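Q: Chains as they are written, first to last, in numbering that gives the first Met the number 0: chain A, 0 to 307; chain B, 0 to 307; chain C, 0 to 280; chain D, 0 to 280.
Simulated from the structure, these hints should not be mistaken for lab results. Be aware that a few hints might be false.
Pairs of lysine to any residue residues, derived as SDA-like cross-links and limited to a Cα-Cα distance of at most 20 Å, are as follows [claimed, not checked]:
| hint | chain 1 | residue 1 | chain 2 | residue 2 |
| --- | --- | --- | --- | --- |
| 1 | A | K203 | B | K289 |
| 2 | A | K83 | D | H270 |
| 3 | C | K77 | C | T147 |
| 4 | B | K203 | A | N171 |
| 5 | B | K89 | C | P240 |
| 6 | C | K274 | B | E56 |
| 7 | A | K82 | D | K23 |
| 8 | A | K83 | D | A76 |
| 9 | B | K203 | C | R88 |
| 10 | A | K83 | D | K23 |
| 11 | A | K289 | C | D93 |
| 12 | B | K203 | C | K90 |
| 13 | A | K203 | B | K82 |
| 14 | A | K82 | D | K274 |
| 15 | B | K82 | C | L259 |
| 16 | A | K86 | D | K274 |
| 17 | B | K144 | A | K82 |
| 18 | C | K202 | C | L259 |
| 19 | D | K23 | D | V81 |
| 20 | A | K89 | A | R12 |
| 21 | A | K49 | D | R273 |
| 22 | D | K274 | A | K305 |
| 23 | A | K203 | B | M297 |
| 24 | C | K80 | C | S65 |
| 25 | A | K82 | D | V81 |
| 26 | B | K83 | C | R273 |
| 27 | A | K203 | B | K89 |
| 28 | A | K305 | C | L94 |
| 29 | A | K289 | B | D201 |
| 30 | B | K83 | C | R130 |
Here the structure is a predicted model, which is why all the values come from computation and not from measurement.
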Amino acid sequence: MSVHTEVALAGLRLRNPLILASGILGSTASLLVRAGSAGAGAVTTKSITKEPRSGFENPVIYELEYGLLNAIGLANPGMDFFKKELKRAKQLLRIPLIASVAGSRPEEYADLAARAEEAGADAVELNLSCPHVKGMGLDVGHDPKLVREIVEAVKGSVNCPVLAKLSPNVTNIVEVGKAAIDGGADVLVAINTVRAMVIDVDSKKPVLSNKYGGLSGPAIHPIAVRCVYELYEAVGDTVPIIGVGGVMDWRDAVELMLAGARAVGIGTALYTYGLKAFKVILKGIVNYVKEQGFRNLMDITGLAHKYS
Amino acid sequence: MSVHTEVALAGLRLRNPLILASGILGSTASLLVRAGSAGAGAVTTKSITKEPRSGFENPVIYELEYGLLNAIGLANPGMDFFKKELKRAKQLLRIPLIASVAGSRPEEYADLAARAEEAGADAVELNLSCPHVKGMGLDVGHDPKLVREIVEAVKGSVNCPVLAKLSPNVTNIVEVGKAAIDGGADVLVAINTVRAMVIDVDSKKPVLSNKYGGLSGPAIHPIAVRCVYELYEAVGDTVPIIGVGGVMDWRDAVELMLAGARAVGIGTALYTYGLKAFKVILKGIVNYVKEQGFRNLMDITGLAHKYS
Amino acid sequence: MRFCVSSQVVRLAYIKGRVHGLNKPIERVLWCQIKLDEPLKPEPGQFVMLWIPGQGEIPLSISDYSVDEGILELVIAKVGKVTTYIHERLKEGDLVALRGPYGRGFSVVRESTCLIVAGGCGLAPFPFLVRKLLEARSSVDVILGFKTASEVFHVAKFVHLARRTFVATDDGSYGLKGTVVDVIKDVVDIKGYDIVYVCGKEKMMKAVVDLCREHNVRCEASLERYMKCGIGICGACVLDPLGLRVCRDGPVFSSTILALIEDFGQSWRDHCGRKIPIPES
Amino acid sequence: MRFCVSSQVVRLAYIKGRVHGLNKPIERVLWCQIKLDEPLKPEPGQFVMLWIPGQGEIPLSISDYSVDEGILELVIAKVGKVTTYIHERLKEGDLVALRGPYGRGFSVVRESTCLIVAGGCGLAPFPFLVRKLLEARSSVDVILGFKTASEVFHVAKFVHLARRTFVATDDGSYGLKGTVVDVIKDVVDIKGYDIVYVCGKEKMMKAVVDLCREHNVRCEASLERYMKCGIGICGACVLDPLGLRVCRDGPVFSSTILALIEDFGQSWRDHCGRKIPIPES
Ligand SMILES: Cc1cc2nc3c(=O)[nH]c(=O)nc-3n(C[C@H](O)[C@H](O)[C@H](O)COP(=O)(O)OP(=O)(O)OC[C@H]3O[C@@H](n4cnc5c(N)ncnc54)[C@H](O)[C@@H]3O)c2cc1C
Ligand SMILES: Cc1cc2nc3c(=O)[nH]c(=O)nc-3n(C[C@H](O)[C@H](O)[C@H](O)COP(=O)(O)OP(=O)(O)OC[C@H]3O[C@@H](n4cnc5c(N)ncnc54)[C@H](O)[C@@H]3O)c2cc1C
Ligand SMILES: Cc1cc2nc3c(=O)[nH]c(=O)nc-3n(C[C@H](O)[C@H](O)[C@H](O)COP(=O)(O)O)c2cc1C
Ligand SMILES: Cc1cc2nc3c(=O)[nH]c(=O)nc-3n(C[C@H](O)[C@H](O)[C@H](O)COP(=O)(O)O)c2cc1C
Ligand code: FES
Ligand code: FES
C-alpha cells in the first residue's frame, strides 16, 4: 500500500508537504529551481520589499551548536528587479511558487503582492514577523489590528492564496493569527525566527552588525511546535497551517504536523544537511505515515489534539 | 592583583554574582543550604503560592539535546508550610536568601511577600513569568498595568528588596520591565523559561501531562542575552538586572554580564554539571575579568553597550 | 555542518521499546520484559522513568538487563493509577517509552560475601545485582520476606544463583515464620557478611540498617520517594537535613549516610512537598 | 548529563587567534600570519570569514596553513572599508576571530604536471596549493601576472617550490611583458599540463578557462562574489543559471561547470542582489 504525499493548501496542490522557507536560498530563480529539483513541494522566495535593500553589514550570521542567529536585514533587489526572477522561476518550476513580501503599510503590501502575482507567483506570503528590521516584519506583525488591515488590503489586490507568516515574539500568537484570518488569510505560517543576540566576550560586542538577530534551527523547534499547536487549537481545520522552525529530521516535521501543520517549512536544515534534506526528511515522513497505517500525509495533521 | 567577586544588588551583598535560580533545588531549606555550600552567591527558593499545590502529573520534564522542557506546575507546599523552611534556611545560610512567590492578584503577592520576609527572606522575587500555570506567573506578568500594581502592592508590604522576574514570552519585555520599575521594583530578573512543547511521534501526544511547558538551557541563552541587553539599554544602571537563561559555562555568564546583568542565575546547568557548576563557572568568570584587566566582577556589567 | 546534531540527530529523552514478555507471578505483581530500541548501560540499583502516554510516568527499578538481547526487566506492583493501568492494559508488543537509567546504584563489591535482604516488591532490583555480584566473584545469600504464601514470588530467580536463599512469611504460611529482620537475627550470622543490601518498606530497612551498624557491617539501602523530574532538579525527593536527592544522590545510600538522614524511616513528602510521616504499611 | 554540550561546551562559531606576523610585500598588500587557538583542517582553495569587531567580516582565501604551528596565512589587498582598517590598524598580538574553513577547494591531483596561473592578489590561495601538490608528488609550474614592477610580490614563495616560475607585467617593467594569457599562449605549452589552476580577475580567468577548453586541458578557477553568510543559505553569491553558490558549491569550479555558467566572466550581484556587469578592472 503506497502513501499519498500530495497536500492541498488553500487551492495550491503540493506534491509533498516540504516547503523551502523564506530567506533560505530563495534569492534567485536559479536557486528556487534548484530547491525544486532537490525535492521541495513548494518554494518560497526571500522576502521582497518595494525598494532594493542592501541589508545589514557583515557579520549577518552566527553559528551556534543548536541553531543559527541571523540578521541579513532583508537584503533583496526590490520588486522591480525581482519580478524578472519570479517570471523566470515560474517558467521553470513545476511546483507552486510562493512570493514572500515585506513592507510597512497595508497599501505597500497590497501593491507588492499584486506585482508578485502578476509576475507569476502562485501565492503570496506576508512577512509579518522578521524580528530584526525596524518598521517592517515583526514591527508591524505584532499589532493584530494592523495585521488584519494588511491582509485585507492584500486580499483586495490579488486572487491567489494569501499566507500570513507569524512571529513567536508576541505575547499571544493566536490573537495575531486570528486577526490575519479575520483579514482573510488563507494560510497561517508559523514561525519566523526568535529575536536573540550573541555577544563576543573577547571584543565585548554583539557579534551581528545589527546587534539583534533571529534564532532558527533546533533551538526553536519546541517553540514552533507550541505555536502551531496553539494555533490549531484555536482555528482547527478552517485555515491550514504551515509549520516552520527547527525541522532537522522527519521526527521534527511529524511533530509539527501532529501539532496541526498541513505542510512544513525547511530552512536551517538546508545549511546543516544541504539540499538533500528535502528528500531525506520526506522519506522519513512517508515511512512514519505508512507504519502508522495512514494513506495520506495529510491524515496526520492535528492528531496530537485528538489523542490528548 | 586579585579580583573582587562581591556584587551589590539593591542592598543585598553577594559574595559572588551566581544565584541559584528559582525552581531548581530550591524546594527545601536543606537544598538551599546545599547550593550555598556548593558556592552560590545567593539562593532563590522555588516559587511559593498561598495554597499548597501538587503541580501537574508526571511527566513534568523532558530532556532535549539543548535544554530542558518542564511543566512542574508550581508544585509547592504553600506559604504556611514553607515559612518553616525559610526560617531554617535563614538560620543556616551565610548568603542572601531570596524567596520567590507566585500568585494571581496584587494583594496575594503582597501577603505572600510579607510572610516570606517575616520568615527570614532577605529579598522577595515575584514570579511574573512562569509560562505554564493558568492564572499565575506569565498569565499576570504579560500585563504591564497588573505588573505595576503587583509590585506596588508588594513594595507596600515589605522592607526588603523586591525582584521582578520577567518573561521572554511577551511582545515587549522592556515595557513590562519598566512597569515593574514604575511599581518600585529594585531588581529585574530576566528571563524565565520560553513557552514550548514537545510531541511524542509514537503516541502522538504532547509529552508533558500539561502539554505546554517552559524551555530552559542552552537553547534559550541567546534569547536571554537579547532580553538583558534590551532591558539594560532601557534602564541602564538605575536598576540592577539579574540575567538568567542557559548559563552553562563562564562565557555564557560573561555574555549576560556584558549585556547588562550584574548577577547571573544558574538553573539547568545544575542538572547538566551538578552542583559543581557554581564553582566552575565562577572560576571562569574570575579568570576572564582578570585577563581583561578589571578588578571587580561588577566592572564588566553592560560593557557590550559601551563598545557597540 | 557544525551542529552537534549534524551527523545524526539524536533524541536524548525517551528510549522506546516494545513489551516482550508479561507475566503475573502473583496477582498484584507484574513481571515485564521490554525489548529496547537502544542499548542501555545500567548499574544494579538504578531506576528508569517509565512513561505510559496519557496515564503518567513512574520510577521503576531496573530488575534485570541483558546487554546481548537489549531486554530490560521490570517488576511492577499494582498500587495506584499508573500501575493499575499497566497491569490491566499493557500487552505484548505494546510500545513503551522510558528515560534513564538514573541515580546511583549498589556497590558491586568484588570477591566478597554478600547478603541481600528484600521485603515483598523490594526484591525488584536484586536479580540484576545478584548477577553482577557473581560476575565479580562474590558469593550471595538472599533473604526474601513476604506477608503470606499467596504473596510469594520470584523465589526461583534467586535460588538458582544464590549460595543460600531464605524465604520468610509474616504468618509462616511459606518458609520461615517472621520478618526478614527476624531471619537476620535468628538464622544468619550477620557478622559473617562483608556487605548487606536491603530494599523494602522503609521501617524494615531502618531496622536492618540499624542492625548492621550495631554489628559494624557495611550496608546499603535503596529508598523510594515521590518523584517528579527524576534528574535531581525539582527537589521533590529530597531527604533532610543533608538535602540529598533520592533520584540523583540515591536511590541507594550507604548506612553511613543514612545515619545522618533524619527523614530515613520517619518522614517523606507529599506531592506538594509537605513533609508527612511515612505511613505504617 | 546527556546534552551534546555535557562534556565540553563547544563554541562552534568564531575561532580565535592572534596576529603572529605582519608584513607588507607591496604597499597595497598585507601578508598576515595568525596563530589560531584551535586546529583547522583546511584544503587549498577554501576560505575563511575574518571578523574585525566593529568593522565587518570579509571572505579571505587561506593562503597557507601549518598544522604543526597552527598558523594561518592570509594575503589581504587594500580595497575598501574593512581591508583598509586591517592594513592601517592591525598589529602583532591583536586578537582576531574567523569562521571556516568554508567551500570547496582545488583538486589536489597526484603525480601530475600542474600549471598555476595567478593575476595579482589572485595568487593568494596558491602557496598552500603548491605545497599540497608537491606532497602529492606532482610537479608545478607557476605563472604570476602583475600590472607593473611595483606591484610584484610573493615571487620568492613560488620560485623555491615550483619547477618553473614565470613572472609577467603588463608593462614589462618586471619579467616578461604581457598578461598571464600571453605567457600561456607564447611561453608554455599548455597541452603539456594535466591540470591548470587559475585565480585572478574574472575576465582573465574566463580567457584561461576558454584556452584550456580549447586544448582539452582540465582547468579549475576560484571565483569571488560578494558574500554575506558564507555558508550557502542567504543566496548572495549565487551563479546563474545553475544556482551554484560560490561560498558553498565553490569558490573553486571546474571548467566543465564554468562552461554552463552564464554569469562567469559576465555579471555578478550587488549587495542587494541585483545583477550587474562585472566591472572592467
Ligand atoms: C527509585 C524508585 C524505584 C521504584 N521501583 C519500583 C519497582 O521496581 N517496582 C514497583 O512496583 N514500584 C517501584 N517504585 C514505586 C513506584 O514508583 C510507585 O509504586 C508508582 O509510582 C505508583 O504509581 P501509581 O500511579 O500506580 O500510584 P499512585 O496512584 O500515584 O499512588 C498510589 C500510592 O502509592 C504512593 N506512591 C506513589 N508513588 C510513590 C513513590 N515514588 N514512592 C512512594 N510512594 C509512592 C502514593 O502516595 C499512593 O499512596 C519505585 C519508586 C522509586 C522512587
Ligand atoms: C572566496 C573569496 C576569497 C577571497 N580571498 C581574498 C584574498 O585572499 N585576499 C584578498 O585580498 N581578497 C580576497 N577576497 C576579496 C575580499 O573578500 C574583498 O576584497 C573584501 O571583502 C573587501 O572588503 P572591504 O570592506 O575592504 O571592501 P568594501 O568597502 O566592502 O568594498 C570595496 C570594493 O570591493 C568590492 N568587493 C567587496 N567584497 C567583494 C567580494 N567578496 N567580491 C568581489 N568584490 C568585492 C566592493 O564591491 C567594492 O567595489 C576574496 C573574496 C572571496 C569571495
Ligand atoms: C538566513 C535566514 C534568512 C531568513 N530570511 C527570511 C525572510 O526573508 N523572510 C521570512 O519570512 N523569513 C526569513 N527567515 C526565517 C525562515 O523562513 C524560518 O521561518 C526560520 O528560519 C525558522 O525555520 P528553520 O529553523 O527551519 O530555519 C530567514 C531565516 C534565516 C536563517
Ligand atoms: C524544573 C524547573 C523549574 C522551575 N521553576 C521555577 C519557579 O518555580 N519559579 C520561577 O520563577 N522560575 C522557575 N524556573 C525557571 C528558572 O528559574 C530559570 O528562569 C530558567 O530555567 C532559565 O534558566 P536556565 O536556563 O539556567 O535553567 C524553573 C526552571 C526549571 C528548569
Ligand atoms: S525527583 Fe526531582 S529532584 Fe528528585
Ligand atoms: S554568501 Fe550566502 S549563500 Fe553564499
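Q: So, for every hint listed, does it hold in this structure?
A: Evaluated hints:
Under the criterion of a C-alpha separation no larger than 20 Å, the hint pairing K203 (chain A) with K289 (chain B) is consistent with the structure, at around 15 Å. Using a Cα cut-off of 20 Å, the hinted pair K83 (chain A) and H270 (chain D) holds, with the two alpha carbons roughly 18 Å apart. For the suggested pair K77 (chain C) and T147 (chain C), the alpha carbons sit about 17 Å apart, so the restraint of at most 20 Å is met. Our distance criterion of 20 Å between C-alpha atoms is broken by K203 (chain B) and N171 (chain A), whose separation comes to about 25 Å.
For the hint pairing K89 (chain B) with P240 (chain C), the CA-to-CA distance comes to about 14 Å; that is within 20 Å, so the pair holds. Distance restraint check for K274 (chain C) and E56 (chain B): the Cα-Cα separation of roughly 19 Å lies within the 20 Å cut-off, and the hinted pair is therefore satisfied. Distance restraint check for K82 (chain A) and K23 (chain D): the Cα-Cα separation of roughly 46 Å exceeds the 20 Å cut-off, and the hinted pair is therefore not satisfied. The hinted pair formed by K83 (chain A) and A76 (chain D) fails the criterion: a straight-line CA distance of about 35 Å is larger than 20 Å.
At most 20 Å may separate the alpha-carbon atoms for a hinted pair to count; K203 (chain B) and R88 (chain C) meet this at roughly 18 Å. Only pairs whose Cα atoms come within 20 Å are accepted, and K83 (chain A) paired with K23 (chain D) is rejected, the gap being roughly 45 Å. Between K289 (chain A) and D93 (chain C), the direct Cα distance comes to roughly 18 Å. Compliance with the 20 Å bound is thereby established for this hinted pair. Restraint check for K203 (chain B) and K90 (chain C): satisfied, since their Cα atoms lie roughly 19 Å apart, inside the 20 Å limit.
Our distance criterion of 20 Å between C-alpha atoms is broken by K203 (chain A) and K82 (chain B), whose separation comes to about 43 Å. Proximity of K82 (chain A) to K274 (chain D) is assessed by CA-CA distance (about 13 Å); at most 20 Å being required, the pair is judged to hold. Between K82 (chain B) and L259 (chain C) the CA atoms are separated by roughly 24 Å; this puts the pair beyond 20 Å, and the hint is violated. Between K86 (chain A) and K274 (chain D) the alpha-carbon distance is near 15 Å, which keeps this suggested pair within the 20 Å criterion.
Only pairs whose Cα atoms come within 20 Å are accepted, and K144 (chain B) paired with K82 (chain A) is rejected, the gap being roughly 47 Å. For a cut-off of 20 Å, the pair hint linking K202 (chain C) to L259 (chain C) stands: about 16 Å separates their Cα positions. With a CA separation close to 17 Å, the supplied pair K23 (chain D) and V81 (chain D) stays within the 20 Å bound. Under the criterion of a C-alpha separation no larger than 20 Å, the hint pairing K89 (chain A) with R12 (chain A) is consistent with the structure, at around 15 Å.
For a cut-off of 20 Å, the pair hint linking K49 (chain A) to R273 (chain D) stands: about 14 Å separates their Cα positions. Proposed proximity of K274 (chain D) and K305 (chain A) is contradicted: the alpha carbons are some 51 Å apart, above 20 Å. Distance check on the hinted pair: K203 (chain A) and M297 (chain B) sit about 15 Å apart at the alpha-carbon level, within 20 Å; holds. Between the alpha carbons of K80 (chain C) and S65 (chain C) the distance comes to roughly 29 Å, so the proposed pair goes past 20 Å and is violated.
Proximity of K82 (chain A) to V81 (chain D) is assessed by CA-CA distance (about 33 Å); at most 20 Å being required, the pair is judged violated. Proposed proximity of K83 (chain B) and R273 (chain C) is supported: the alpha carbons are some 11 Å apart, at most 20 Å. Taking the CA atoms of K203 (chain A) and K89 (chain B), the gap is about 38 Å. The hint is violated against a cut of 20 Å. Note on K305 (chain A) and L94 (chain C): the hinted pairing holds, with a Cα-Cα distance of about 19 Å set against a maximum of 20 Å.
The straight-line distance between the Cα atoms of K289 (chain A) and D201 (chain B) is roughly 13 Å, inside the 20 Å bound, and the hint therefore holds. Proposed proximity of K83 (chain B) and R130 (chain C) is contradicted: the alpha carbons are some 46 Å apart, above 20 Å.
Comparing the model with each numbered hint stated earlier shows that hints 4, 7, 8, 10, 13, 15, 17, 22, 24, 25, 27 and 30 do not hold.
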